[in-house]
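Colleague: Could you put the whole structure together from the sequences, leaning on the hints where they help?
Listed below, chain by chain, are the residues.
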Amino acid sequence: MMAPPDQQAIIRLFGVHRRYGALNALTDIGLDIFQNEFVFITGPSGAGKSTLLKLLYLGEPASEGQILVDGLNLARISRKRIPDLRRRFGIIFQNYRLIPTRTVFANVSLVLEAMGQKEHLIRKKVHSVLRTVGLEDRDSALPLTLSGGEQQRVAVARAIVGNPQILLADEPTGSLDPSSAGVIMALLQRYHRRGATVIIATHDHEMIGRTRGRVIRLEHGRLLPQPTADTP
Amino acid sequence: MMAPPDQQAIIRLFGVHRRYGALNALTDIGLDIFQNEFVFITGPSGAGKSTLLKLLYLGEPASEGQILVDGLNLARISRKRIPDLRRRFGIIFQNYRLIPTRTVFANVSLVLEAMGQKEHLIRKKVHSVLRTVGLEDRDSALPLTLSGGEQQRVAVARAIVGNPQILLADEPTGSLDPSSAGVIMALLQRYHRRGATVIIATHDHEMIGRTRGRVIRLEHGRLLPQPTADTP
Amino acid sequence: MNRILKRALADIRDNGFLNAITVATIALAILISSAFGLFFINASRLMTLWQQGVRVMVYLQPEFADAAVEDLRSRLEKLPAVGKAVFISKDDGMARLKKQLKHQLSLLSNLKANPLPHAFEVQLRPAVRDWEEVADLAAAIQKLAGVAEVEYGQGWLDRFAAILRLFKLAGFGMCALFFIATVFIVANTTRLVLYSRREEIEIMRLVGASEGFIRMPLYLEGILQGAIGGAAGLAGLLAGHLYLSAQIDPGLLPSQFEVRFFPPALIAAILGGSMLAGCLGSLLSLRQQLKT
Amino acid sequence: MNRILKRALADIRDNGFLNAITVATIALAILISSAFGLFFINASRLMTLWQQGVRVMVYLQPEFADAAVEDLRSRLEKLPAVGKAVFISKDDGMARLKKQLKHQLSLLSNLKANPLPHAFEVQLRPAVRDWEEVADLAAAIQKLAGVAEVEYGQGWLDRFAAILRLFKLAGFGMCALFFIATVFIVANTTRLVLYSRREEIEIMRLVGASEGFIRMPLYLEGILQGAIGGAAGLAGLLAGHLYLSAQIDPGLLPSQFEVRFFPPALIAAILGGSMLAGCLGSLLSLRQQLKT
Ligand SMILES: Nc1ncnc2c1ncn2[C@@H]1O[C@H](COP(=O)(O)OP(=O)(O)OP(=O)(O)O)[C@@H](O)[C@H]1O
Ligand SMILES: Nc1ncnc2c1ncn2[C@@H]1O[C@H](COP(=O)(O)OP(=O)(O)OP(=O)(O)O)[C@@H](O)[C@H]1O
Ligand SMILES: [Mg+2]
Ligand SMILES: [Mg+2]
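Chains as they are written, first to last, in the working numbering: chain V, 1 to 232; chain C, 1 to 232; chain X, 1 to 292; chain H, 1 to 292.
Treat the hints as calculated values from the structure; they're not laboratory data.
Be aware that a few hints might be false.
Claimed, not checked - 30 Å max Cα-Cα, derived DSSO-like pairs, lysine-lysine:
id: 1; chain 1: X; residue 1: Lys-84; chain 2: X; residue 2: Lys-98
id: 2; chain 1: C; residue 1: Lys-80; chain 2: H; residue 2: Lys-291
id: 3; chain 1: H; residue 1: Lys-6; chain 2: H; residue 2: Lys-291
id: 4; chain 1: H; residue 1: Lys-99; chain 2: X; residue 2: Lys-90
id: 5; chain 1: H; residue 1: Lys-143; chain 2: H; residue 2: Lys-90
id: 6; chain 1: H; residue 1: Lys-90; chain 2: X; residue 2: Lys-98
id: 7; chain 1: V; residue 1: Lys-80; chain 2: X; residue 2: Lys-291
id: 8; chain 1: H; residue 1: Lys-84; chain 2: H; residue 2: Lys-99
id: 9; chain 1: H; residue 1: Lys-84; chain 2: X; residue 2: Lys-99
id: 10; chain 1: H; residue 1: Lys-98; chain 2: X; residue 2: Lys-143
id: 11; chain 1: X; residue 1: Lys-99; chain 2: H; residue 2: Lys-143
id: 12; chain 1: C; residue 1: Lys-125; chain 2: H; residue 2: Lys-168
id: 13; chain 1: X; residue 1: Lys-168; chain 2: H; residue 2: Lys-168
id: 14; chain 1: H; residue 1: Lys-99; chain 2: X; residue 2: Lys-99
id: 15; chain 1: X; residue 1: Lys-143; chain 2: H; residue 2: Lys-99
id: 16; chain 1: X; residue 1: Lys-98; chain 2: H; residue 2: Lys-99
id: 17; chain 1: H; residue 1: Lys-84; chain 2: H; residue 2: Lys-143
id: 18; chain 1: X; residue 1: Lys-90; chain 2: H; residue 2: Lys-168
id: 19; chain 1: H; residue 1: Lys-99; chain 2: X; residue 2: Lys-84
id: 20; chain 1: H; residue 1: Lys-90; chain 2: H; residue 2: Lys-78
id: 21; chain 1: C; residue 1: Lys-124; chain 2: H; residue 2: Lys-6
id: 22; chain 1: C; residue 1: Lys-80; chain 2: C; residue 2: Lys-125
id: 23; chain 1: V; residue 1: Lys-125; chain 2: X; residue 2: Lys-6
id: 24; chain 1: H; residue 1: Lys-6; chain 2: C; residue 2: Lys-118
id: 25; chain 1: H; residue 1: Lys-6; chain 2: C; residue 2: Lys-80
id: 26; chain 1: X; residue 1: Lys-98; chain 2: H; residue 2: Lys-143
id: 27; chain 1: V; residue 1: Lys-80; chain 2: X; residue 2: Lys-6
id: 28; chain 1: H; residue 1: Lys-90; chain 2: X; residue 2: Lys-99
id: 29; chain 1: X; residue 1: Lys-6; chain 2: V; residue 2: Lys-124
id: 30; chain 1: X; residue 1: Lys-78; chain 2: X; residue 2: Lys-143
id: 31; chain 1: X; residue 1: Lys-99; chain 2: H; residue 2: Lys-98
id: 32; chain 1: H; residue 1: Lys-98; chain 2: X; residue 2: Lys-90
id: 33; chain 1: X; residue 1: Lys-98; chain 2: H; residue 2: Lys-98
id: 34; chain 1: V; residue 1: Lys-118; chain 2: X; residue 2: Lys-6
As the list claims (entries may be wrong) - So, partial list: chain X residues that the calculated Cβ filter (under 8 Å) puts toward chain H:
id: 35; residue: Ala-24
id: 36; residue: Leu-164
id: 37; residue: Ser-196
id: 38; residue: Leu-238
id: 39; residue: His-241
id: 40; residue: Leu-242
For each residue, glycine too, the CB sits at the ideal point set by N, CA and C.
Modeller: In structure tokens form, the structure reads like this:
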């Protein structure tokens, strides 16, 4: 699904580096991601997939280079505007990052509360999204009492409940059996069809094979030359 | 690899239940696992795989039924003997459970220190096992500065460094790309050949297909009837 | 606001242990610093009262006419610092002297006539605190017609006043120190609590919550904890105070004195300080977390 | 042991922030409770000294021979409670009386002979603390040959003694309260710290570490933190003490009195208490974690 040239790039990276001390997690990344694209980022363990996602939502700053998200220059954004930026993203973190002291419901509703939505609306939306990921009856459980796959599904629910423009998913089905994984992937595809841009970091070549989308390969922090685009 | 009848069962479960309030995570599990077996536990998300492993190392007590590990009755074991029991196991937790304030080296060496081994021996063994999982140069990193797959490999290293009798691995390659996963699986098989009993909870049917071992299926907390044993 | 309060209360419920420890620490810290404050306030009130117990003796001229006594009394009692003026006739004076000189009575036995002058014993108003005020008063009395001499402040009382001053100095210094230390202890405790919750706060930031959204409930929580802890500390102090006051033999204390608790304004100030301290800790902690 | 210490030190290094906060809280808590202790000890020493300043006056029989004075003095000074006995001849006595009665001098002007007896002013040893001891002493002196009457304890001193007793009662109570509160605050802080580290402790248990292996370094850490925090608190107090002592006008205080710091034994006790408190918190916390 190489985006047609007239389409708008929602995310642009120019010469981006990310260093941790002597370690170069990302080296000279130049990349455009277009509105409503479905992108896989793949590569071996430690290649820099998660780091790349982190740079987009300012989980960490780039060491060098420019990143534009929907026209915002991330290097120049003021601290007060960061929440604004992050609300454009729905993020499924590799390690889920659920709040252990809050129930499943509270973890998911947090996003909507932070947006200032009305309480009865929040309740409706959260229950609906929990139903979609198959956890409607676990809404009052604490995350640590859930199985790994259940936690991952809560993370998915939290990422999509706010109806974000861009979905960043870091290994969103790593803890799921094939059938649950299929459900989640179908969900992300449906979400994509509604107009969102979806970026998935994953090792799962099988999943990549089954799904239409651009594949970006990283190795040792560098982009590999893209194979011929597999247009839809 | 159905164990021959003369082989000794190292783990035996009789009518084991585990309930969390109204939820039955495990129902009436009866199971023998033999010395030096290689066992996969599989099943959909929330089936009870992790719970079953937790019962073995007394991460949680069974609600009902008897569990024997190497002759020890877990229901009767005194609190003081629990560390003894746990040292028979090497455990790869589903969520890794690394200590965030300690370096990779310290996380792995902890096991040997707790066994009271000599410092120079510890250093040698830890470095050797970190080399095996491909992290020899990250020994002084903190876990949260590692990628997901790197963390998982630290968890593997910690599980095997103490040379335990039984290895419990909960989704040990979920965050790994196929080639790293292959390395880890080869490691677990080598470990098995050295005489250990290996029990792996996983969704990865591909991995199960590639590896010789008994497959135990769980669904909704119940054992499914075993398919015809695939003897080596 | 209602929403923030709701979230703060939910948060307190979800973090029961942390809250219990925080409130207990605040209560203890407030208890000890205000126990000292209360002790100091009462002790210095007692000492002031004692100092005020000082009489000023006014000796009249030998030729003073008995008829003018009432006139002088009313003039004395009109002075602002004076509470009451008690007339002591020369005969009363001799009786007192005999009691005072019981071992030297032979002295007095040879006397033919009573050589003592009439006198007034002047008691001061409770508002009179300083030694200087007493000296001013004495000077004013000295000027009145018929007054021969004014006497006040025996040696031991001078010494006492100096010690009282020292006591008050140390006391105020320590009150200040204790309350500052309390603020720090409370703030430290809140910081520890938020440190153990930093992952949660980080997650809120990552899902796009604004700083205000994150902080307001935490500040409110700090304020609530400060209020509850402070109130508990003061309640404990009050209980101890009531118990101990009941134990004290009233005969030991000057009759005008009663052991008192803090006045309401001070209670309010202590609670306010404790609320502020709870909030301050959250503030410092959240600032620090932003920096890293 | 060496290994445990090593692990404790590594642990302190790895948890820098938590340790800094713990040590600071311990230091503050120790500072305030021992500041009060110090204040109380000095104030009550001062008051005791004052009370000891009480003289016992021994009036001799009129027929007492001047030659026997030295004999009586040595007998007085042999009494264990007596520090010094100063002879006051009848002439000295008259001179004092004249000073004392400056407003009633006319009283004395008619005297032909000095009717006063010889007397001894007896000063007490510093070790004499109680009013009862003074009374016992007086009774003992009364029995000596040549003694007509023994006088001690003027009215104001009685009153003072009662207040001193009250002050000491409240002071000891508060010292106890403060130190208990300090122990709790320190223990609470350690509990909070270990609460925020419970995941780590749980992990150690899961990989087969024995309770001893887990706890020993933590206890040792609590003890080290208690020692460092306690020492810092005491050092702060010492600094304040030295500064304030230098500020005090020595003229205000009795000459035998100097403001003192804690004796070494008490310092050791405070440090010990603070170490125990640090350890106690760890103990409670680890116990609690085992139960859940
Ligand atoms: N905060 C950090 N400090 C130091 N090094 C880091 C930090 N975060 C990541 N790294 C390193 O950067 C490299 C890339 O990490 P990243 O998490 O992006 O890998 P990844 O492609 O997501 O791998 P995985 O598939 O294992 O999750 C790794 O070698 C990792 O150790
Ligand atoms: N401490 C707990 N309290 C309540 N319910 C629990 C607890 N632990 C597990 N459960 C529930 O028990 C069921 C089995 O959980 P378990 O973790 O064993 O699943 P699993 O087979 O490992 O799943 P996954 O593949 O997703 O890791 C799940 O529904 C889970 O929510
Ligand atoms: Mg990653
Ligand atoms: Mg599991």
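Colleague: The structure should be examined with respect to each hint, and the outcome stated for every one.
Modeller: Verification of the hints:
no., hint, in the structure
1, X:Lys-84 / X:Lys-98, "holds (25 Å)"
2, C:Lys-80 / H:Lys-291, "holds (14 Å)"
3, H:Lys-6 / H:Lys-291, "holds (28 Å)"
4, H:Lys-99 / X:Lys-90, "holds (20 Å)"
5, H:Lys-143 / H:Lys-90, "holds (22 Å)"
6, H:Lys-90 / X:Lys-98, "holds (19 Å)"
7, V:Lys-80 / X:Lys-291, "holds (14 Å)"
8, H:Lys-84 / H:Lys-99, "holds (24 Å)"
9, H:Lys-84 / X:Lys-99, "holds (28 Å)"
10, H:Lys-98 / X:Lys-143, "holds (26 Å)"
11, X:Lys-99 / H:Lys-143, "holds (25 Å)"
12, C:Lys-125 / H:Lys-168, "violated (64 Å)"
13, X:Lys-168 / H:Lys-168, "holds (17 Å)"
14, H:Lys-99 / X:Lys-99, "holds (18 Å)"
15, X:Lys-143 / H:Lys-99, "holds (24 Å)"
16, X:Lys-98 / H:Lys-99, "holds (17 Å)"
17, H:Lys-84 / H:Lys-143, "holds (18 Å)"
18, X:Lys-90 / H:Lys-168, "violated (42 Å)"
19, H:Lys-99 / X:Lys-84, "holds (28 Å)"
20, H:Lys-90 / H:Lys-78, "holds (24 Å)"
21, C:Lys-124 / H:Lys-6, "holds (19 Å)"
22, C:Lys-80 / C:Lys-125, "holds (27 Å)"
23, V:Lys-125 / X:Lys-6, "holds (20 Å)"
24, H:Lys-6 / C:Lys-118, "holds (14 Å)"
25, H:Lys-6 / C:Lys-80, "holds (25 Å)"
26, X:Lys-98 / H:Lys-143, "holds (26 Å)"
27, V:Lys-80 / X:Lys-6, "holds (25 Å)"
28, H:Lys-90 / X:Lys-99, "holds (20 Å)"
29, X:Lys-6 / V:Lys-124, "holds (19 Å)"
30, X:Lys-78 / X:Lys-143, "holds (14 Å)"
31, X:Lys-99 / H:Lys-98, "holds (17 Å)"
32, H:Lys-98 / X:Lys-90, "holds (19 Å)"
33, X:Lys-98 / H:Lys-98, "holds (16 Å)"
34, V:Lys-118 / X:Lys-6, "holds (14 Å)"
35, Ala-24, "holds (6 Å)"
36, Leu-164, "violated (10 Å)"
37, Ser-196, "holds (3 Å)"
38, Leu-238, "violated (14 Å)"
39, His-241, "violated (10 Å)"
40, Leu-242, "violated (14 Å)"
The earlier numbered hints that this structure contradicts are 12, 18, 36, 38, 39 and 40.
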